[in-house]
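As they're listed, the protein sequences go chains A, B and C.
Letter by letter, the first sequence follows residues 9 to 337 of the working numbering.
Letter by letter, the second sequence follows residues 9 to 337 of the working numbering.
Letter by letter, the third sequence follows residues 9 to 337 of the working numbering.
Because the hints were derived from the structure by calculation, they are not lab data.
What you are looking at is a predicted structure, and each value in this text was computed from that prediction instead of being measured.
By construction, the Cβ of each residue, glycine as well, lies at the ideal position given by its N, Cα and C atoms.
Any given hint could be a false lead.
Straight-line distance between alpha carbons at most 30 angstroms, and here's what the computed DSS-like set of lysine-lysine pairs gives [unchecked claim]:
hint	chain 1	residue 1	chain 2	residue 2
1	B	330	A	323
2	B	138	B	178
3	C	44	C	30
4	B	34	A	199
5	B	178	B	199
6	A	178	C	35
7	C	323	C	333
8	A	325	B	323
9	C	44	A	323
10	B	93	B	71
11	A	305	B	35
12	C	239	B	333
13	B	239	A	102
14	C	35	A	325
15	C	305	B	35
16	B	34	C	239
A few chain A positions that, by computed beta-carbon distances, are all more than 10 angstroms from chain C [what the hints assert, rightly or not]:
hint	residue
17	37
18	50
19	145
20	181
21	185
22	220
23	239
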Amino acid sequence: MLQFSRKNFFQIKNDIKSNDIKELIKKSNFIEEKIKSNFELSEISSLDNLRNHSIIFLEEDIKESLYNIDDIIIVTNKLNIFENKNYQNTIFVKNLNEAYNNIINFMYIHEDCLDYVDEFDLLNNSYISKSAFVHNSSKIFNNCVIGRGVEIGKNCIIKNNVVIKNSIIKDNVTICDNTSIGTTGFGFDFKNRGSSNLNPQIGIVIIDNNVHIGSSCTIDRGKIDYTYIGKNSMIDNLVHIAHNVHIGDNACIAAQTGISGSVIIGDNVTIGGQVGFAGHINIGQNVVIAAKSGVTKNINDNSVVAGFPAIDINKWKRNVIKGRKNGHQ
Amino acid sequence: MLQFSRKNFFQIKNDIKSNDIKELIKKSNFIEEKIKSNFELSEISSLDNLRNHSIIFLEEDIKESLYNIDDIIIVTNKLNIFENKNYQNTIFVKNLNEAYNNIINFMYIHEDCLDYVDEFDLLNNSYISKSAFVHNSSKIFNNCVIGRGVEIGKNCIIKNNVVIKNSIIKDNVTICDNTSIGTTGFGFDFKNRGSSNLNPQIGIVIIDNNVHIGSSCTIDRGKIDYTYIGKNSMIDNLVHIAHNVHIGDNACIAAQTGISGSVIIGDNVTIGGQVGFAGHINIGQNVVIAAKSGVTKNINDNSVVAGFPAIDINKWKRNVIKGRKNGHQ
Amino acid sequence: MLQFSRKNFFQIKNDIKSNDIKELIKKSNFIEEKIKSNFELSEISSLDNLRNHSIIFLEEDIKESLYNIDDIIIVTNKLNIFENKNYQNTIFVKNLNEAYNNIINFMYIHEDCLDYVDEFDLLNNSYISKSAFVHNSSKIFNNCVIGRGVEIGKNCIIKNNVVIKNSIIKDNVTICDNTSIGTTGFGFDFKNRGSSNLNPQIGIVIIDNNVHIGSSCTIDRGKIDYTYIGKNSMIDNLVHIAHNVHIGDNACIAAQTGISGSVIIGDNVTIGGQVGFAGHINIGQNVVIAAKSGVTKNINDNSVVAGFPAIDINKWKRNVIKGRKNGHQ
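Whole structure, please, built from the sequences with the hints as guidance.
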């Protein structure tokens, strides 16, 4: 797990202690709590990245690694998690999304808040946050916006009208015109819609060395951790990459493909155009996915798939031929 | 039907009377007219929104409500409409598109005319029309363009490089980077193509309270009336919404979906990514449409559909399984 | 074949002679050469556009027309081409992509190089290269970028936040908001990925008279020659057109369609939304392609196709009906 300093990107609005959390949640959908002491909290954890002195929002099975974290508050809507004897500091709530939204919006300012502000310098016709770092070997074209805390490494080319926020861009990266990086992930409680119910997205995007990203792409930042694009990956135009997606090294992704939230993709994949992915699936290494596929399940290493739902490409071809014969009878 | 003041968005080029219309049309594809008096005309009607002192371009069946409108000129290419005894002021033309284009371009200036101009203030690094209204509680980021007559309500967040024209944005709306709202609809006579034959689009976009719109979306304005997005709707990245589409409250629309012109969608729909819709169809309330579906027909309330052409999702799943068995024989 | 002056768009970095080419290639993947004299080279050829005093990179069958070109250097990775007795000036290399990249990057500066610079005037809130030509009857809205050497003819409307580079735009063309024209094609050696291995794209885009292009489209420039859009063509929003595509006159292309590299499309085609094309195929005249089709093969004149892989639309409809019957048994 790569580490980043969240406060570089998301201004801390309020320092917080465990008792504050209790008070915040009691206002709305609190059921019961078992927090014994009042300790300081400085971070948010995910199951993939547990931190001391943090809060975690938990609705899935518990990993044993959680037992060893100091001063972690577990907010959960699952009774079995709340009643687990291994945890000291647990809060039981009705609506986990609402708890998440209230706590994060109390702790952090992010770009989906009205009180978010940033200060810019106008540099070569682009607005660059005073808190951003752009290596002097890198080139930024016109009408770009480089937001708070963004880091851009060596020898990068950021073309025109590009928006980069909440992101770390490493070396030799090219980002083409009208692309948006570090945008807000599409995360919310399906039962409680509207812009005010959007889950605050306080993660970032990390783009590794030597990546090429085409025009009019959108890459959403992680919800708590990060969206990642591996070294030497090539991404064509109008590609959508949702929050928390991890793409390995040497990917090739053709135009108009969309990758849903939390998809994990191995190294050396080749993905055709207009492919779609269901969320939260794993794609192995060296996988080839034909254009227009709809990938609904995990795909093993070294597979070649096609169709919707995507299956082995040879089976898909036989189905197409057979389907036509049936159609013509 | 919501009402808006067209002249806030589209400058009136020429005041017009019924005799002017006759002259305009006689120049080109006029056949016959039965206009008895010379009266003032101040608006354009559609079948959904009939107005006194207006012009309507008619090729579909007539609604009886039309009989009661004062001083309406009916321009039609259908003999049965022209010969209908209930109408006094009717013009019979060969080519209805050409008549529409000539009359609208005579009456109005719009952004697809060379003589369109607008004056802007540069405010926080964005160009805001002197005739636009932005509530002071709303925030506009960098490199945006807010065009003539646009209204933006309270507590809205308009991110970077966003273009909003010909639109009314209500309260608590978030619009993410590189999105274009109020753009020109893709309307023209299929037999007579080219930019100069585009039908003038003199409607607007209305986005209701608490809507979230992602990055790099395009929402075209109505042709005569408006494109509408209902309260609390959530729209992901790279979504295309064509002219005259109406989307109800609480919609959730995932990335890269495209909604063709004049589609009407009820409340509480959930639409997956990369879905496409044929034009002029109706989607009921509480409908769920699986990712990558191609919706070609009306969908009833409470349906769950998938596939292309989209059908009941359980039938679709059975077809997929059966198709594979056939394929493997 | 239309001609354009490459140096208007791509600055010449180094004048070059045939002996320089030998030296450049010897550094890396050179095998053998048979170049007898040292002559000046001023251009790059393609099989579609052979020029005297030029270099051509060849891996396909040879056309006899090549025999008559003066002072052309053939760089090839095919032994049979190298051994062809008709050629005097031939270089045999292991990796043709690497040879192309090294030679082009030595000869030309392009926007994917760190040493690319351009100088702009700020005109009506848009950055316009000092070397661009915009006819004074044309209108450019806000936050646009018009790059080096671009020519824009009469009566064009370039809306907001549009990026146009490496392009010739003829008369009466409308380009809508947030669209990018002349962007970098997605060309590289699949075995050797990463931004530094991108094939330099030193061609342009030519958009002919009276074309309408929607919002958030991406049109990549040619690799060596040009991407072309014919007269009176209408292109909807979020359409992707890859490098070297040629589209005839009077095309209608609906939203979110993607056209892969080197596809050739005849006159008078109508293409629905969300259609995809395999690369390097030919589509005839008067072809209609239904929405969501995946076109994988050449299509004859006057065909109407649908489905993926796209077939005659009547066969496709029968297959759909038959597939459903099978599914329901």
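Structure versus earlier hints, numbers of those that do not hold, lowest first
4, 5, 9, 11, 12, 14, 15, 19, 20, 21, 22 and 23
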